Structures are given as C-alpha cells and as structure tokens.
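Chain A is fixed; fit chain B onto it per the hints.
Residue strings, one per chain:
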Amino acid sequence: MEKENKRNVPVCSNNPLIAKAGDVLRHVFGYDSFRPGQKRVISALLAHQDVFAMMPTGSGKSICYQIPGYLLPGLVLIVSPLLSLMEDQVVSLRRAGEKKVRALSSMLSFQERVRVLKHLDEFRFLFISPEMLQKPSVLSALQQVKVSLFVVDEAHCISQWGHEFRPDYMHLAEAREKMGSPVCLALTATADRRVREDIIGHLHLEKSKQVLESVDRPNIALVVRKVKNNAEKIKRLLALLRTAKWPAMVYCSSREWTEKLTEEIKSALDYRTAFYHGGMASEDRRKIQNQFLDGELDVLCCTNAFGMGINKSDVRLIVHFHYPAHLNAYLQEIGRAGRDGGQSLAVLYYSEEDDRLPVSLIDSNYPDETMLRNVLIRLDQGQLQTEDEHQFMTLLQSEGVTEVAARFILEQVKKKPDKKPYLSTFDDCLRLVKERRARQLDDLSKMRRWIRGTDCRRKSCLHFFGEKLSWRPRLCCDRCGLEIKDFQRRETDRSGMCFELNWERRLRRLLIGRNR
Amino acid sequence: MTYGYFLFLQLVGRFNGERSLSGIYHLLKGKQSAQPIQDSYLYHVRPFFHSLDTLKRDEFDRVYEECKEKDWLEPSDVQQESVRLTGKGAAFLATLRRKYTLPEGIYLTDYINEETSFWLKLQLTVQTLSELVHGRNAFLPVTRQPAVTESVRHFLQITPIDREKLSGHVFEELSRLLAEGPDDEANVLVGQLSGFGTGGLTIDQLSHQLERDIFECRMLHKAAIRRMMDHLSTRSGAYPFLSRLLDRKRGTLSLSASRTFQYINRGCSLEEISQARHLSRGTIEDHIVEIALKTNDFSCSPYLSEEVDQSVMEVVSQIQTRQLKRIKERLHDKASYFQIRLSLAKHAGEYGGTR
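So the sequence lines, in the order shown, correspond to chains A and B.
Residue numbering for the first sequence is 2 to 517, as defined by the working numbering.
Residue numbering for the second sequence is 5 to 359, as defined by the working numbering.
Simulated from the structure, these hints should not be mistaken for laboratory data.
Remember, it's a predicted structure, so these values are computed and weren't measured experimentally.
Backbone N, C-alpha and C fix where the C-beta goes; we use that ideal spot for every residue, glycine too.
Treat the hints with caution; some may be incorrect.
[Said to hold, decoys possible] In silico DSSO-like cross-links for lysine-lysine, where the CA-CA straight-line distance does not exceed 27 Å: (1) A:Lys261 to B:Lys74; (2) A:Lys101 to A:Lys136; (3) B:Lys33 to A:Lys261; (4) A:Lys100 to B:Lys72; (5) B:Lys103 to A:Lys261.
[To be verified] Incomplete in silico selection of chain B near chain A, CB under 7 Å: (6) Pro79; (7) Val82; (8) Gln84; (9) Gly199.
Next up, chain A with everything else stripped away, as it sits in the complex (with noise of 0.2 Å):
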C-alpha cells in the first residue's frame, strides 16, 4: 500500500481546472489523490484536446470521463462493448450520488428507450452501445443535444489486430463527427503498438494527446508453475488454497472444468466456493455475481465469460488453471486482482497437455473452407438470408458453427458489394481467416515464449509491450524468488458467514431494514 501511495499525484495545483476536478474527485467520489495519469488526461481534456489513453485494468480509467462530467456543459457520451460493463458503471456512478445516468442498449425495453431519448438533455452520462449508435433515430436525438466529451470505452475493439475486434466500432468516427465531433477520449487498458496505429488511425486521433501508463501492476506479484498433468494441477490447487488469501478467482478453459474445480475445492476444502460460465441462464450468473461481489464466495471458478465490468476490489488471488490464448488475456484477467492496491498474487499453473487446448479454440472462431463456400452458395441461391441478423446467426450455430464463427461470416458477407454474388467474396474471406489465424497463432506463441521464459516474468511480460521494467517491486515473481508464504492468510481471516437458509430469517433480513 505504501509503495502504492508513493506513485500517487497528489491533488493540490495551481491550474484552477484540476483543482476543480480535485474537489470532484474528493466530494464525489471520495478519493484523496489522483492515480498515475488520470490528471493528464483530465487537464488535456479540460483543454478541449483530445486523449488517447493506455491505463492498465484497475487503475481508474472511468474517473478519467467521471470527473468532467462534472465540470464541462452537456452530456458525456460513453461508448461501450458490453451490457455488463455499463449496467457496473452506471450502479457505481449511481452509489456515489449520481441520478443523472442512464445507459442505452437493445436490452432496454421500447418504453424505456423512448424515456431516455426523450430526456436526453437531462442527464450528465449516457452509456451506449456501439449499435445503438448506428440507429438513424438515436444519432438524430444526440445531434440535438450538447455531447461535450465522447468516450470510447474498451478502444481496441476497433482495431483488427485486438483479441475483442467489434466491427460496429468502426463506425464511431462517423457518428463522432455527425454530433458536431465533440473532444474524444479512447481508453483501453492494454494494446501493443500495433493495436494503439489502428485505434488512433480509425478515430482521427492524429493530434490527440498521448498518456500511456505502463501495463505493469507492481502490487501483484506473478507465479508461474510448471506441472505433470491435471491431477498434480489439481492437487497444487488445493495446496495454494489452503493458505493463501481469499477472495480468489481461478480460470479455466472450459465449462466442466469450473464446475469440476468447485467440486473438488468443495469437497477437500469445505470453502465457500461457486461456479460461473456462459452456459448458466442469465439470472444464474447474476447471482454468483452478486454473491462475490457481495463477500459470499471465497473461491469463484470461472471462464473468461466472468470478468468484464466486475468492479470488486479485493480480489487477492488469481489463478489460471488453464493459460490463456494471448498476453493482453492474461493482463487483463489478472488485472482484476488487488484494485483496491492491496498485495495480491497471480498463480498460473501449467502442463504440456495445456498446449493443444489454445489452437483448437482459436480454430473454432473461423469457419472451415467447406462450410464457407457452403454458406456463401445458399446466400447466393436465396436459401438463407442476412436480414434477420439473430436467425442467421442461430441457424448457422444449429448446424454447428461456433458463435464467434458464424459473427465472422455475417461480418463478412454484409461487406459484399451490392450486384456481385456471395461466392465472389470467397478468397478474400479465405485470406482473412488465415491472416487473422496467423495473429493469433503469433499471439499465443507469444504467450508460450512468457511462460517458458527464464527471465523476471513482469520484465519479459513488459517486453512483449515495448516496455522496460523501471521499478521492481519487493514481491515479483517466481523467477525473481518469492515464497508463496508470503502470501499467507491470517488465522484471523476467516471464512465468513453462510448462506441464510431458515426462510423466515432470510425473508426477514431482506426486507426489514436496519432501523427496525
């Protein structure tokens, strides 16, 4: 925490705008110090100048368009990738006092939509996501308010070369430009230099100011443990969690797997331990969501469908009992450990029966040569249509495409010029799954070069993005030397407390408040 302090900029200035945004920061939001590169951003931006910024995960990027919300005329516009992410920024902002947010996504119902439309000029935030920013009547109702700050949240989902490429993002530039092109602001937690040309290129960022922090989270310290197979992973597991700090969140590959693990941390350990996947129905999830973030859990095994947008700040550990598919992956899921600055460890186990894991599932996010060409001829014959975007996509996955695969046909065959057929497209869409396939082959190869590496892991990890290490902390990582004692719970952190199961008490306890 110490070390933390140190790297922080304190709040006193003598330019009359951040001492502004200093008082923001500490009446609102109840902080007593900006983070590294937040008042840069704030001043540039107070500057009308437009910002690029690179900010690792947990270091307090929303604060970046938080604090002048506050201090600028009109509304602030957030483009986001996710439904959960804004529906997290939009309870954050509302816990800290704010009424005046909304977010704008399909999930809304058309009541609702028309409301906030409505009322556009009302609200000081407005999170939206990418397509809804294509719909003709949204961007006619923004035109006609005042947009003082256009946020693009997650940026490099614009880009081709990121691991989450969002192919509506590419026309947000388009849509900044119809609002009278208000001051940009393009966050994004990790992007290599290529990722950074694409997001700066596509959002006519030229001129804009540059803040990249570096990717590196001092307080967590990264572990690296090659092992036999999964029964020694199993066991290491076990071990680890028997003495390290909670709460904890361990990865894994696949659905079974997670649900595997919570048996048995389950069974050996007696922890308060839950599952969460993609294959979950929805009100499943949101309640393992809740039960972490509410403290309930000590140990979450998940895929990486758990993550995005979940604001939770004392994560201490996280585990990957399977290694993910590139770097960025990796930072950003180990990203989520020790928000609040607190000492936190990153623990990824590894065998060699991991390896074939990783090329199958990026194969799986491009369709094959046969089923392409089968696709692109019942287009062409009338036998399917790309109207209907859902039916599309749900037909293709009934016949055994993957999600991922069948958006890239969709994404490719709605580029088609108009009076050519379908199967014109063929060799380009050909060309483009090998280019993208050979990117992330390079990516992972990457990834397997970090883990076998016999190098300080966070020096080798900052090389990947043009980095070089300035500070070591006292806690590095495996290569470095450092026990996992270090990491011991006390005997004072106890599990807490069960699950109420009386329904008279638990019914009580919900809907009784605390001055009763």
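What follows is chain B alone, placed relative to chain A:
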C-alpha cells in the same frame, strides 16, 4: 439423482411407449407447442408440464442413460425413440413411490403460463425493496427482461406508500403465504431470493446446501410458486399487495391460441381465422385442440360431428391407446387427424384421474 428417476420413470410409465423421449423432455420443459400441450392432458400428466423448465437436454439425457443402464427401460415397438418400463423398472418405480411423492402444490396448474414471469417479478420486487430499505438506490438486478422490469416499476409506482412500509407489507404477506405450505418449499423459494448484501442461491447451490436431490429442489420450488399463485388469485383480498404481481388477464391458453379463441367467439370459421391471422390451417387446428383441452364448456360441434366423435371413442376403448396413428389406421377416412385429436381432447377428462 433418485428423485430424478422417480420423475422420469413415472412419465415413461404414463406414456407407456407411445411418446418419444423428446416428447417427455418437451413436456417437462413446458414447450409451448401443440404436441406437449396436448400430451399433458391426454396422458394426465398436466402437473409435470413446465415443472422442470430449466432442465438442460444433456441433464435429461443423463437421467435416461442411467435408467437404461440399470435395465429399467426397454425400447417401445409402437413409437420411434421411445421406451417403456421393464418389469424391473416398474418394480423400482413402485419402491420410489413409497419413498417419494410429488409436492401437493405441483397440482395447481391453472397459472402455468405465467409462472416464469411471476417468479421473476417476485424476485425483482423483493430485491428492489431490499436494496431500497437498506439505503441503496443502485444495484445489479437479478433480471433485465424488459417486460419484468416494466411491471415491477409499475408495481412500485402505483403503490402510494413509502418504501419501508411497502417492504413491510410484502414481508408480512410473503410470510403468511409461505407459512401455509411446508417449510421445505418455503426454504427453497426464499433461498433463491436476492437482496441487500446477499445474492440468492441457485438451485444447484441450494441442492448442495440442503443436501437434497436437485430434481426434488426444483419440484419444491415449482410447487411453492404454484401454491402462491393459486392463493393470490383465489384470495386476492387477503394479499392486496402481492396479488398485483399477478397478470390476471391471461388464462391458461398460450398467447396465440387465446387470440384464435377471440376470433372463434366472434363467430369466425377456421378458414377465416387462418386468413385473418396469416397462419396455416394446421396452426389454427392446433389452437382449437388446445382450447378444447383447456376450456370446459367449449363446443367442438362445428368441427366434429356427433357421429365421428362416437366412432373415435369406440376405437379408443377397443385398442386402449391415445396414439393418433393407430386410431387413424382403424378409422381410415372416417375421421381426419384433426377430428381425432379434437375428440381425444374433448374426452380428456374421462379416462383415469391425474392423482
């Protein structure tokens, strides 16, 4: 798992090889299409309809595989992909019947179409009030379904008393409602409710915590919901607040069938309805069968003469089946499939009770 066997074997016994495995699955899921709706009446398994609406196909298949391995099932000769009980299976089912019963509330099937939305509304209402009375005005809602959100918002808006009081009333009414059923059901239901500082448990978690079969937990949950809805609608005066969460406009008919029913009541013929609604004749026929099943005093005479009805019933009593194909084989051109279905629907209540 044994409670799962109990449910599955009962249905296999009831269908006696005349329905496919998918038919059983769709019945449990409560699929809103003609076949499962019709089956639920013709085979007197209405309480099972929609009873396991969250069941996944692979979970269902696992139960089937295990029952097969234990030699409780044999292939049926009258229907593809269908099974019936072996002697061993029937004997085991008899043992299970001594051990387990279906919870009483499961038989209250009048509001089946609405139970999913009622449950979501109830969860969101409790969660919202819970957060509000603890001073939190922002939280992650348990559901985002627009229709549910709208109706809970409406519920809170039309109730002109402060949140603490409203929460107190909801607490009092819920306590009273739940106290009328067994504690088992109440624990399963309330265990799933989320609110301030606590996320509701999933059924899977509850099954572990209570150390009870997950299928049994699901049935207890469903029984509790059905009992509540029944009480709220028959004694709405005693529950002025919670009864507002019920959507009284909808009956047991599926939405599309209820529209067709409106046309029928206006005196439209089958062809006219088909044209007006841009739906195929077959679909309208499905609706009429559904209406005949669910509406006591519905007159089938425009579609089914006394004479045809009689001959269908004769065949049914001769060969003891409810399988359309086998009845049709006997009747040849004397009756259409639609007429056979309608006749079966009309007399659905006459052979063998549900319990």
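Verification of the supplied hints:
{"no.": "1", "hint": "A:Lys261 to B:Lys74", "verdict": "holds, 25 Å"}
{"no.": "2", "hint": "A:Lys101 to A:Lys136", "verdict": "holds, 23 Å"}
{"no.": "3", "hint": "B:Lys33 to A:Lys261", "verdict": "holds, 26 Å"}
{"no.": "4", "hint": "A:Lys100 to B:Lys72", "verdict": "violated, 59 Å"}
{"no.": "5", "hint": "B:Lys103 to A:Lys261", "verdict": "violated, 30 Å"}
{"no.": "6", "hint": "Pro79", "verdict": "violated, 28 Å"}
{"no.": "7", "hint": "Val82", "verdict": "violated, 30 Å"}
{"no.": "8", "hint": "Gln84", "verdict": "violated, 22 Å"}
{"no.": "9", "hint": "Gly199", "verdict": "holds, 4 Å"}
Hint compliance for this structure: hints 4, 5, 6, 7 and 8 are not met, and every other hint is.
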